[in-house]
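Following the hints, position chains B, C and D against chain A.
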Amino acid sequence: MSHTDELYLGKTSYQVLGKRPVRHDGADKVTGKAVYAADVQLPNMAHGKIVRSPHAHARIKSIDVSEAVKIPGVFAVVTAADFPNLESRSEVMGEGGSVNLAHMAANCLAMGKVLYKGHPVAAVAAANVHLAEEAAAKIKVEYEVLPSVTWVLDAMKDDAPLLHEDLRTDSMGKKGDRPTNVALHLQFEKGNIAEGFQQADIVVEREFRTASVHQGYIEPHATVALWNEDNRLKIWASTQGAFNCRQQVAQLLQIPVSQCLVVPCEIGGGFGGKIAVYLEPVAALLSRKCGRPVKLVMQRNEVFEATGPTPGSFLRVKLGATKHGKLTAGEAWLAYDCGAFPGGVIAPGCMCVFSCYELPNARVDGFDVLDNKPKTQAYRAPGATQAAFACEQVIDELAEALGIDPLEFRLKNAASEGTRRVDGPVYPRVGLVECLHAAKNSDHWKSPLSGANRGRGIAAGFWFNIGLASSCSGSVHGDGIVTLVEGSTDIGGTRTSIAMQLAETLGIGAADVLPQVGDTDSVGFTFLTGGSRTTFATGLAAYKLGLDLQAQMQERAATIWECEPAAVEVKNGVYSRNGQSLTFKELAGKISELGLDPVVGRASVSPEGSTNAFGVHIADVEVDPETGKVTVLRYTAIQDAGKAVHPSYVEGQMQGGAVQGIGWALNEEYFFDRKDQMRNASFLDYRMPTCLDVPMIETIIVEVPNPSHPFGVRGVGETPIVAPPATIANAIHKATGVRMTVLPISPPALWKALSEKS
Amino acid sequence: MSNFDYAAPTSLAQATALLEGAHGTARVLAGGTDLIVQLREHLRDADLVVNIKKIPELMELSYGSQLGLRLGASVPCYRIYEHAEILVAYPALADAARIVGGWQIQSRASVGGNLCNSSPAADTIPALIALGAQCVIAGPQGLREVPAESFCTAPGRNVLHKGEILATIVFAPPVPFSGSAYERFIPRNEMDIAVAGAGSWVKLSADGTTIEQARIGLAAVAPTPLFAAEASQWLAGKSATDKTFERAGEFARKAASPISDMRGTAEFRRHLAGVLTRRTLAKAVERARG
Amino acid sequence: MPVVFIPTPLRDITAGTAEVAVEGSTVRAVVDALEQRYPGIKTRLCRGDSLAPGLQVSIDHVMTTRGLRATVRPDSEVHFLPVIGGGKGVRCSGTQPLIE
Amino acid sequence: MSKKVHVTTSVNHEPVEFLCEPRQSLLEVLRDTLRLTGAKEGCNNGNCGACTVIFSGVPVNSCLVLAVEAEGATVETVEGLADHGHLHPIQKCFLEGAALQCGVCTPGFLVAAKALLDHNPDPTEHDIRFGLANNLCRCTGYDKIVKAVQAAARELQSLAK
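Residue numbers (my numbering), protein chains in the order written: chain A, 723 to 1480; chain B, 335 to 624; chain C, 89 to 188; chain D, 88 to 248.
Bound conformation, chain A alone (with noise of 0.2 angstroms):
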């Protein structure tokens, strides 16, 4: 952080954050004028449907697209073959990542092999997409069938069918010696556990289950290419990072990166899901092939059974503890499928399985899993929430067997600033046990909740802020106004978190700074919107951007007033020199006037240090001990966001991933048959909640400022979904004293535990 940063850390009144205007893009929104990827529609457009593999698992025989080209109107029909060979280049490497694009390029359409039902095999343009639709259904695409496994237990056996016959188990550079599903063997340890476990007077131990859940945003996946005589490759695209669209397209296409162009639109929800690509280069490929912009639409079932599901995982967990509430030792054991292609999210599950607690002795070991599902990909704190059922129900039970309240167990155990994880690094500031505190005074955990059936959870949840590069520009209107381009997709309404930090930088309002999401051409690189860091990192930016904009106003002042710079001086947006002064819009009246250069603005960062967010659930639910039914009668969310730039979207994010993980919780799963076919590709079958399921939820925002962020900021997007299933298997425990152990807990599956337990 540079000097500067200090003026504003710590700081508690602000002009403008805090506060809670109307977004920059609302009025768009509300009256149907924003622009989705789907909305597109250009001159001449072709429709294109995707063919997609009806088994779970099969090698491609042939295809044969004779018949669908024959038809009149459909203008051009690819495949694997048409992609550049990538074998020679298989492993992009990148700070902090790598991918495997040969795996990338597969996934968007199969090479040899189809891995899952809804594989896509091959893709079709035509003139409307019904016309599309009919001849997808003449390409001939002749299979053998192949066994195939969906669960990730049965994925890791020696005998189950292997999905990819070269891979062996990594072990941080370890290759195994034989074909297997597991692709990657992570292991984490912290002290001694055989003495820690020593040392403890109670030790639970459990086993837990978790299905496949979907991110469900409502819009499907969407685009439109177009590639232009001039060779230049426009995408538009419904995702959360442009630049990461542009670089994938660009890498499966074998393209520098400034030959694409990609327009990221409004995005309908992604949660995670919309990081990889899908349909982009398949959409260019067509396009290519067929001289005209191409657009490429999901139906709802191809979202769900070709799009990221979150891991169906398998998790042990054991815990011990000191009569007098003390944690001594920690023990876990994670497996998370991945789907069809390696590279899962393994690593932060074993990051966050244990990152609530001062936990001196510890041991994580986590695998990575093939099985014949869609590639997972990221969903809102990826991992953390599969890892947290877990473990928060088995802090619960030792609270229990204690005879400890389980939010003074938390307290007793909380993480705090110099906590070593289990991974090793040790903790900041963080908000944890001001969470804690905030849940023991809140309304919701002093009220009491009687009646039959009914009981109280609660449970912690923990995720990381990462930083990565961000980009700005700004330029000074002669009215006062800055309009702000940013790099970051807009999925919640960080445009407005974003400006708000411009404006409280140059002591302007909110609504005196325009801010748009710029294409990949028009604003530097920005990291995608995902892992808490919008307004975190771009929102550093912002403020780096309000310094350079205040530095260059101050110089036009300082040559309007004949002075040195250094001698105007700047408090909360005017521009003073001994008696004269200058509001901020004065002073740009004036820079306009007198045709002194414009002022334009340019930041860009790359924050270092990824920070922590915890939040805090607390339920109380009501379970029909005849159907297994539960309803969720009151919900409150605690959560520290740093600085809460607006309070109104920060609750938003609270409540939207308190409902997503009540969801996680009672009903959402992917539900296959004996042949791993998906038999609830569906929003009437797959059961996201209705605002019929679910209570208002109540939220209680903790602020404990960011040390690496000049306002404090925490990123708040992820954390909010992790504590939710722990929370409502809590709750059903106290309820029922039955422990559900497996997502979900469908009514199925508590009535037949509640009838097995009597």
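None of these hints come from the bench; they were simulated from the model.
Just the calculated beta-carbon pair ranges, DEER-fashion:
1) Asp-209(D) x Glu-1478(A): 41 to 49 angstroms
2) Val-1322(A) x Gln-237(D): 40 to 48 angstroms
3) Gln-237(D) x Gln-1238(A): 26 to 34 angstroms
Below 27 angstroms or equal to it, Euclidean Cα-Cα: the simulated BS3-like pairs (lysine-lysine) are:
4) Lys-234(D) x Lys-741(A)
5) Lys-588(B) x Lys-1351(A)
6) Lys-1456(A) x Lys-1045(A)
7) Lys-234(D) x Lys-755(A)
8) Lys-588(B) x Lys-1474(A)
9) Lys-91(D) x Lys-387(B)
10) Lys-179(D) x Lys-741(A)
11) Lys-387(B) x Lys-90(D)
12) Lys-792(A) x Lys-91(D)
By construction, the Cβ of each residue, glycine as well, lies at the ideal position given by its N, Cα and C atoms.
The following block gives chains B, C and D in isolation, referenced to the frame of chain A:
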């Protein structure tokens, strides 16, 4: 969706003529909330789609305490539960019409369409069975009547022959001291397909203590919506007590022959048949007592 | 001297030693020093002249994007960790040339 | 390609004519032919409500209406909510109450909420949740949506007085 021809006749005669004369497969479009999805997902095909919402008598909803209820096959569900007298006279029908999908579905979907779609899980059919509704079918040879419990013959199949249309559903006038109720079980609180459903109708003795007659219909526990004959007959003459409702539930459980699928296990469905029968009987009796 | 926390899977090379103090003012230098003491450890941490794919380095509990180029103080703590983040799946820096 | 049908209807109180194939949904024609892209396609089978329009006075999923059925009907979409540059109170309350995040379900919610309040000017929280249960939102957890509809109901009632 494959393309098809479309017609919107304004009389039953035109409609039956269109259906009978159709080359290939002709489908009737009432609310369309099932048909359009099935055509889109290639679960059903059609060369001709006949919209019957322009036929006046099929959009007719008429009630008289002496005449009973005549419900045109295309009358959307919302018109049923917004009808004050139906709420009192045929509460089970209103219970069911109110939970067929959400409001947007109820604006279009009709009870007649629900019958003709002939899903084992249809919410309104157990209510029709419990209320002893008659289905009036119009065809080239004129009209014929079929009791609601005999209308469906297999999942997605029914008694309609080519050229025939379900025209009207007829309900006898409500008898004194009678009441009815429909309940289903779903994991969410709206929008789901019934895991199981039960509709009950009872006629009590004047003093409200004894069940003189009862009819129970079940959903999603057999290949078609089911008339629980044994349970219904057994109830006649029994005192209207929780014990009786419980016992009737056991009969319903026995009558059920459900399957396991993504919506529930056979074991769970059979159990629910009992629970819902008991619950709807209790509610029907309560309503009968007024 | 900076202290390197040896990732658990690499402790087969360090005979179980979890923390090692080695000279070095950059991560690269630290890794080379490690390689001197524990031959073979570098190939587990690096791919060519950068961190192995899927790895990132944390210095004094702060994740750095500078990889092997990151500077290390004499009293620093160095951790090698798997990449994390909601952005997991595809991680890449826009500054890198894609086509050599 | 099969023959198209000529349809005369009314969209947002203006007479409209279009040609369509019988298999085209009202949603498809609104979006692709009439270029009214406010109604969104979220599931195309009646389960998300993002395509909700008011069809001859009642709310429907326009993905479950054939465009040919619009003959002689009236259609109201989200584009018709605001009145000559003035936001409808429901739109205003959604903005002020931060009742949207990604915004893709918002048009459907606004239209369904208008139908609800036209029908029931003084709904309870349960009435609102029951009436909007055919509309899915994955971002907000519904809390702020329900509160915005409550606020709009209050505002509309005070305007009515």
